[in-house]
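**Q** Each chain, letter by letter, is given below.
Number of protein chains: 2
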Amino acid sequence: MSGTPEPPVIVLVRPQLGENIGKAARAMLNFGLTEMRLVTPRDGWPNPAAGPAASGADVVLAGARVFESVAEAVSDCAHVYATTVRKRGVTKPVLTPHEAAGEIHVNEGRSAILFGPERSGLETDDVAVARAIITVPINPEFGSLNLAQAVILCAYEWSRGRELVQPTMEELLPPAPQDELEGLIGHFEALLEPRGYFFPKSRAAATRRTLRNVLTKPGWNHLEVRTLRGVLSAIEKSTPRD
Amino acid sequence: MSGTPEPPVIVLVRPQLGENIGKAARAMLNFGLTEMRLVTPRDGWPNPAAGPAASGADVVLAGARVFESVAEAVSDCAHVYATTVRKRGVTKPVLTPHEAAGEIHVNEGRSAILFGPERSGLETDDVAVARAIITVPINPEFGSLNLAQAVILCAYEWSRGRELVQPTMEELLPPAPQDELEGLIGHFEALLEPRGYFFPKSRAAATRRTLRNVLTKPGWNHLEVRTLRGVLSAIEKSTPRD
Numbered sequence: 001m002s003g004t005p006e007p008p009v010i011v012l013v014r015p016q017l018g019e020n021i022g023k024a025a026r027a028m029l030n031f032g033l034t035e036m037r038l039v040t041p042r043d044g045w046p047n048p049a050a051g052p053a054a055s056g057a058d059v060v061l062a063g064a065r066v067f068e069s070v071a072e073a074v075s076d077c078a079h080v081y082a083t084t085v086r087k088r089g090v091t092k093p094v095l096t097p098h099e100a101a102g103e104i105h106v107n108e109g110r111s112a113i114l115f116g117p118e119r120s121g122l123e124t125d126d127v128a129v130a131r132a133i134i135t136v137p138i139n140p141e142f143g144s145l146n147l148a149q150a151v152i153l154c155a156y157e158w159s160r161g162r163e164l165v166q167p168t169m170e171e172l173l174p175p176a177p178q179d180e181l182e183g184l185i186g187h188f189e190a191l192l193e194p195r196g197y198f199f200p201k202s203r204a205a206a207t208r209r210t211l212r213n214v215l216t217k218p219g220w221n222h223l224e225v226r227t228l229r230g231v232l233s234a235i236e237k238s239t240p241r242d
Numbered sequence: 001m002s003g004t005p006e007p008p009v010i011v012l013v014r015p016q017l018g019e020n021i022g023k024a025a026r027a028m029l030n031f032g033l034t035e036m037r038l039v040t041p042r043d044g045w046p047n048p049a050a051g052p053a054a055s056g057a058d059v060v061l062a063g064a065r066v067f068e069s070v071a072e073a074v075s076d077c078a079h080v081y082a083t084t085v086r087k088r089g090v091t092k093p094v095l096t097p098h099e100a101a102g103e104i105h106v107n108e109g110r111s112a113i114l115f116g117p118e119r120s121g122l123e124t125d126d127v128a129v130a131r132a133i134i135t136v137p138i139n140p141e142f143g144s145l146n147l148a149q150a151v152i153l154c155a156y157e158w159s160r161g162r163e164l165v166q167p168t169m170e171e172l173l174p175p176a177p178q179d180e181l182e183g184l185i186g187h188f189e190a191l192l193e194p195r196g197y198f199f200p201k202s203r204a205a206a207t208r209r210t211l212r213n214v215l216t217k218p219g220w221n222h223l224e225v226r227t228l229r230g231v232l233s234a235i236e237k238s239t240p241r242d
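So the protein sequences, as listed, match chains S and G. For the first sequence, the positions run 1 to 242 when full-length UniProt numbering is used. For the second sequence, the positions run 1 to 242 when full-length UniProt numbering is used.
Some hints could be false.
Heads up, simulated PhoX-like pairs for lysine-lysine below, C-alpha to C-alpha not over 25 angstroms straight-line [to be verified]:
no.	chain 1	residue 1	chain 2	residue 2
1	G	201	S	237
2	G	201	S	217
3	G	217	S	217
4	G	201	S	201
Covered stretches of chain S (in silico footprint by chain G; criterion: 3 or more residues with CB under 8 angstroms from a CB of chain G, positions within the stretch not fixed) [unchecked claim]:
no.	stretch
5	35–49
6	136–143
To be clear, the hints were calculated from the coordinates, so they are not data collected in a lab. Even glycine gets a Cβ: it sits at the ideal position worked out from N, Cα and C.
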């Protein structure tokens with residue numbers, strides 16, 4: 001009831017193909033979800049087709065538990081969400097995956113997300129177990145999300161809101177100090193001056209300014225400035241070989 | 001330069017299986033993306049395995065265009081993003097799909113997102129074409145996104161932000177289209193090659209990549225690129241006067 005909220009349980013209701021159970025496991029683990037529950041999978045459990053499709057997410061499959069009904073599968077969960085492709089006149093809140101993830105992060109008690117069978121989706125009776133519906137906003141002229149894709153979008157949204165998500169540790173270097181930039185600009189000018197680039201004299205100031213602006217914009221770091229100094233030196237010191 | 005920004009182009013670089021091209025098309029169309037480009041697909045194009053996997057997203061496959069190189073595939077794009085699983089010491093901004101989508105919604109000029117081959121992902125040379133990298137924040141102990149999943153997350157994020165779109169009224173010119181940038185890089189190389197800059201040969205590829213990265217970073221607009229072409233021409237055509 002305190003500290004980090006638990007990750008949601010992913011409940012596959014009457015899944016048909018073992019392959020899709022494996023793909024769903026893979027989708028889950030990519031975003032740190034590990035608890036899968038299966039409600040009367042069509043071909044029984046374990047299913048030999050699941051493993052290869054999981055691409056290494058075996059820990060999820062190994063921990064998957066089987067239940068006889070949706071109600072039993074979510075018996076320990078305080079918040080149940082049902083995913084549906086389109087609303088069917090249900091009188092429950094309809095959330096996007098993003099909104100649902102926001103709730104799940106602050107929910108007290110465990111949350112579960114229900115996903116229906118590949119062909120038909122959840123039945124009305126399954127949806128009835130849930131307090132809210134999750135619908136992915138989708139192209140109204142082409143809505144064709146498969147099971148693993150629906151799972152991955154929900155898992156992704158859950159993971160996005162988590163603090164634990166690895167920071168993108170950019171290794172970006174800061175722009176070089178101004179004197180290095182001045183050195184680069186000076187180098188360009190020294191190379192261009194004797195080649196008549198700043199001719200006619202009446203335009204020289206504007207031309208210098210234009211060049212300075214072009215070279216200032218990038219915010220090159222000191223390594224990049226060094227690379228360009230090397231380019232200029234190569235041009236300066238040698239004449240073409242052929 | 002005005003109105004709703006165009007949706008991003010999805011570029012599959014050297015995709016291996018037709019099935020995965022179909023799945024990527026399906027992923028795209030779910031979220032309203034329709035423009036797919038293919039760089040030297042392994043098994044040629046069209047590929048009979050793509051259609052069934054697209055589950056009806058035929059309009060995307062029918063419009064897919066094939067290119068010989070990444071540079072050609074994005075020649076009309078002003079903003080090129082490369083998706084990678086992990087950072088490899090690259091000195092480019094690293095964005096989440098969410099952050100990238102935010103940029104794409106306000107970018108002036110077309111945006112393209114590069115996705116690498118199924119097994120290996122994008123090569124360093126492919127990444128060098130891009131100004132920024134997209135990395136999905138993923139379970140550090142299990143990162144296993146397939147091609148269509150990576151596509152769907154980017155497409156989903158793009159679609160999510162769509163309603164919120166507001167034009168940024170910056171008068172800034174967009175980065176020059178990729179073919180103009182390629183022209184600039186080619187000009188630099190043509191100037192440097194005969195001067196021994198790319199010597200020794202064993203280092204040439206890395207040196208070219210470094211130079212490309214330095215020149216890609218700024219996002220120069222077409223006027224700035226023209227200024228630099230002028231600089232190079234001045235160096236090239238004339239010898240110092242004294």
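**Q** State for each hint whether it applies.
**A** Okay, the hints, checked on the actual structure:
no.	hint	result
1	G:201 to S:237	holds (20 angstroms)
2	G:201 to S:217	violated (32 angstroms)
3	G:217 to S:217	holds (10 angstroms)
4	G:201 to S:201	violated (42 angstroms)
5	35–49	violated (count 0)
6	136–143	holds (count 6)
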